[in-house]
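**Student:** Read top to bottom, the protein sequences are chains W and A. Just so you know, we're using the numbering used here here: the first sequence kicks off at 1 and counts up by one. Just so you know, we're using the numbering used here here: the second sequence kicks off at 1001 and counts up by one.
There's no promise every hint is true.
List time: in silico EDC-like cross-link candidates among lysine to aspartate or glutamate, alpha-carbon distance up to 20 Å [what the hints assert, rightly or not]:
1) Lys1045(A) - Glu1035(A)
2) Lys151(W) - Asp67(W)
3) Lys153(W) - Asp67(W)
4) Lys78(W) - Asp1136(A)
5) Lys1045(A) - Asp1136(A)
6) Lys94(W) - Glu16(W)
7) Lys78(W) - Asp1156(A)
8) Lys1009(A) - Glu1039(A)
9) Lys1144(A) - Asp67(W)
10) Lys78(W) - Asp110(W)
11) Lys153(W) - Glu1161(A)
12) Lys144(W) - Asp119(W)
13) Lys1033(A) - Asp1123(A)
14) Lys1155(A) - Asp119(W)
15) Lys78(W) - Asp1116(A)
16) Lys147(W) - Glu92(W)
17) Lys1138(A) - Asp1156(A)
18) Lys7(W) - Asp67(W)
19) Lys94(W) - Asp110(W)
20) Lys94(W) - Glu1161(A)
21) Lys1155(A) - Asp110(W)
22) Lys1138(A) - Asp1116(A)
23) Lys94(W) - Asp67(W)
24) Lys153(W) - Glu92(W)
25) Lys1045(A) - Glu1062(A)
26) Lys1009(A) - Glu1023(A)
27) Lys1144(A) - Glu1062(A)
28) Lys1138(A) - Asp110(W)
29) Lys1151(A) - Asp1116(A)
30) Lys1033(A) - Glu1023(A)
31) Lys1033(A) - Glu1012(A)
32) Lys1151(A) - Asp1136(A)
33) Lys153(W) - Glu57(W)
34) Lys78(W) - Asp1135(A)
35) Lys78(W) - Glu1062(A)
36) Lys1151(A) - Glu92(W)
Covered by chain A, according to a simulated footprint, are these stretches of chain W (three or more residues, beta-carbon under 8 Å) [unchecked claim]:
37) 17-28
38) 103-116
39) 119-129
No wet-lab data here; the hints were simulated from the structure. Yeah, the Cβ is synthetic: ideal placement off N, Cα and C, and Gly gets one too.
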Amino acid sequence: MDRRGIKSNFLTTTVESAINWSRKNSLWPMPFGTACCGVELMAVLAARSDIARFGAEAIRFSPRQSDLLIVAGRITIKMMPVLQRIYEQMPEPKWVISMGACASSGGVFDTYSVIQGIDQFIPVDIYVPGCPPRPEGILDGLMKLQKLIEKEKISDYSHPHSN
Amino acid sequence: MLFQNLITKVTERFSDSILDTTEFRGETVLHIKGECVLEVLEMLKSEGFHFLADLTAVDNLEMGGFERYTVVYHLLNHGNGERLVVKAYIPENNPNLPSVESLWRTADWQEREVYDLFGITFDGHPNLIRIMNPDDFKGHPLRKDYPRIGKGERKDFPIVERNIGTKFRRSES
Ligand code: SF4
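Looking at chain W on its own, in the form it has when it is part of the complex:
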């Protein structure tokens, strides 16, 4: 092969890992903050924790523009249909972080109106424990999610009816 025609500074990779690399480093979160955890989520965005270091600082309040749903707080029976609608409005690929005890299990609110874990009704990728979780916990959850995204296959996203 004649190398004289090739300029310097290039690297080879697969399309899959290039796509996963860019996806995991530019997550756009949709914050679904319904209680005290939502306030802690704001702290993650602020200067001290600075979620921008992980490329996830572009908080979108429109599900159509985001690919990471962060459920932060209790979900009641009146809110669950809203959450499901928001989840369905998000375009693929999309991921869900269940933040805090309430979103993951209902927490201390074992009552008629509080859903005992959102994962009964929508898919959840990462659970962050705590009441509320510290910002470090959320960043840890985000890094774990990045590891999951790294391993994804493009073929996972084939249309359900195409195979």
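Please arrange chain A with the ligand on chain W, whose structure you already have, making use of the hints.
**Tutor:** Relative to the frame of chain W, chain A with the ligand by itself:
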């Protein structure tokens, strides 16, 4: 008018409907029958208790009391800072009261809340529909005989799945 004189005047005028007058932590509590609540509160309002600070209800299922349900009105006189609590008792088989929305607009939503959570209806209310629970909710959850964990409402949702071809992450991680 002096506070004590007012209480005496009310008890005299509604002597058939006043069940008791008690004192708790410096606040006077007037216990009355449910059906006369509008007249009593109308008189108290004209005597200076202009402000309905709160309207709520109690289920006396195991606590005793004159009847099963109590509807509580907290009144405040802005002129001299006096407070008065009026408790109206209504029976289990007919939980129904006249609405005081005509006296205080604020009673509109508070009576809706009492209706939603206790199933107490208010005659003359302009729009007595649920305010907190979903519109299709069955039952009244703050009644003491309603189970704390509900009757399956919190499990009654469709399951939303990801609509992608395979479930790679679910199986491998
Ligand atoms: S987990 Fe704790 S901090 Fe978070 S929403 Fe529940 S009660 Fe609030």
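**Student:** Of the hints given before, which are not true for this structure?
**Tutor:** Hints 5, 9, 18, 19, 25, 33, 35, 36, 37 are the ones this structure does not satisfy, whereas the remaining hints hold.
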